[in-house]
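Chemist: The lines below spell out each chain.
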Amino acid sequence: MSAILKTEKLRVEFKNRETRQASKVALIGLDLQVNAGEVFGFLGPNGAGKTTTINALLGFIQPTSGKASLFGIDVSQPIARQRIGYLPEMTYYYKFLTAEELLRFYSKIFGLSRSEAERRIDNVLKLVELESSRKRLIKTYSKGMQQRVGLAQALINNPDLLMLDEPTSGLDPLGRMKVREIIQRLKQEGKTVFFSSHELGEVETVCDRVAIIHQGELKAVGPVNEIMAGRASLEKAFLDIVGYQPQSAL
Amino acid sequence: MRNIFAVAGIAIKELYRRKDFYVLFIVTVLICIVMAAVNIYNNPEIIRYVKAICLLLIWISSLVIAITTTARQIPAEREQRTLLPLLAKPLSRSQLILGKFLGCWIACGLALLCFYVFFAILASTHEHTWPGLSYFQAAFMHWIALGIIIAMALLGSLVFAAPSSNSTICFVVVVGILTVARYLDVVALSLQEPFRSIVLAIYFGVPHLEFFDMRKLIVHDWPLVEWRFIGLATLYAAVYMGVFLAAACLIFRKKAVN
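As you go down the protein sequences, you meet chains P and X in turn.
All the letters of the first sequence, read from the start, carry residue numbers 1 to 250 under my numbering.
All the letters of the second sequence, read from the start, carry residue numbers 251 to 508 under my numbering.
This is chain P alone, in the form it adopts within the complex:
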C-alpha cells in the first residue's frame, strides 16, 4: 500500500508572543501514515492536537520540526493540495456569493475547464441536496445547508484524499447520516478519507484504521478491531488508551 499522507517526527510548538519562548507543545514527534483507499479516523480528546495536525498538513501552520507530505509532496508546496478536499470544523464561506458561484470560484483554482466545472458543480450539488438552492446567497442558508456547501466545496475537484475536521459536529441526525453515506460512497470509489471526530460509534462503523492522539502524542494506531482488542466498544478502548478513570474508581 502506498502512503498518500505521511508525517515524520512532526513537532509543533506555539510560542508566547511576548517572551518568544515555547509556551505550548501541541504535537510531539508525530509519525503517521495513511494509505491509499482507506478510511482513517483521527481521534483524541479536545485539545489533543487533531486540528493542529490537520493545520500542519494543509500548510496553515509551520511545523517546528519534522516533515509532512501529501502524495509524496512536501505540504509547503501548493501543488500538494491539488488532489485533496478539505472540510474545516466550522464552515464559513463568502456570504455574498451563491453556492454555485462559490463552487465555480473553487473549481477555477483547481484549474478545471468550464465544462468540467459545470458538470462537477451539478454533481456535488445533487449529492449534498442543494440543487434547488444553488442560486441563493449563502448568507440565507441554514447552518446545516452551510455545512453541506462545505462538503460540496471539498468534493468539487473529485479529490483522491478527503480531509474532514469533525465533519458531523453541530449537525442534526439526518445531516450526520448524510455525511456517513458520503464517506462510505467515497470509500467504495476507492478514495482515501482522513477525518477527525468525537463520534466514536460513527468511527467504528466507517473506518478501516484509527489513530488516537492525546496531549500531542500518538498513543495508538491500527485497524479498528486491533485497537478495540476484545473491548466492548471503541469508546471503551479510547477511554482506556487516554487513561480516563471514572469517578467511582478514584
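Mixed in with the good hints there might be a few duds.
What the hints assert, rightly or not - Okay, derived cross-link-like pairs now, BS3-like style, lysine-lysine, Cα gap no bigger than 30 Å in a straight line:
#1 X:504 to P:67
#2 P:15 to X:263
#3 X:504 to P:108
#4 X:263 to P:135
What the hints assert, rightly or not - Not the full set, but computed from the structure, chain P residues with beta-carbon under 7 Å of chain X:
#5 88
#6 94
#7 105
These are calculated hints, taken from the structure and not from any lab test.
Built from N, CA and C at the ideal position, the CB exists for glycine as well.
With chain P held as given, fit chain X onto it using these hints.
Modeler: Okay, now just chain X, sitting in the frame of chain P:
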C-alpha cells in the same frame, strides 16, 4: 495567473455586492448636482469652483472605497475563516495577495470610471466642451495613485491586527502625503542634523501621491501633460506597488492562519 484572476474576481464581486460604493456614489452625485445648481449666472469662476469641489469629493470617495475595501480583505478572510478552505486549495499565499490587490484595484478603477463619467457629464452641461483626453489623463493618474494606496493598505492589513486601525493609519498617511510631502525637502533645510537627514529620507522614501493629482489640469483647463511624463509617473508608481506587494507576500508567507 489563473488563480490570481480567480481571487481578483471574488474581490470585485464583493465590492459591488456591498452598499459602500453605491452610498458614496449617490452622496457624491447629490452634492455635485446641488453644487452645480448654484451656477445660475454662468460665471466661469463659479464653474471652476464647482469642478474643484466635485473632483475633491471624487478623490475623497475613491480613497474611502480603496482603503476600507482593501483593509478588510485579509482580516475578514481570517476572522470569518474563509481563508482555511481557500488556502487548502492549490493556491499560494503570494497568489492570494496579488489576487486581492488586483481585485481591489480593478474594482476601484470601475468605481472611478463611474465617478469621472458623471463628472464629465456634469462639467459638459456647464461648459459645453468635452476635453476627453484631459479627463482620461486625470482619471488614469488617479487610478495609478490608488494602486499605490491599495498595495500599502494590503501590506498594512498584514501588519496591523484590526482593519479599523489599518484604515485610520492609511488615511492619515495618504492625506499627510498628499498635503505635506511636497514641502518636506524645504522643511528639512531648516532643521539641524540628524533631523535634516531623517526628514530628507522620509521625503525621498514616501510615494509622492501628489504627482498623480491632476485636478488643477481639469479645473483650470490647462493643456495636456506630455505622455512621457505620464509613463514615467506610472513607472514610479509600479516600483512602489512592487515594493509594498513584495513586503506583503514576505510577511504573509509564513504567517499562521489557523
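Chemist: Which earlier hints can't be squared with this structure?
Modeler: Structure breaks hint 2 only.
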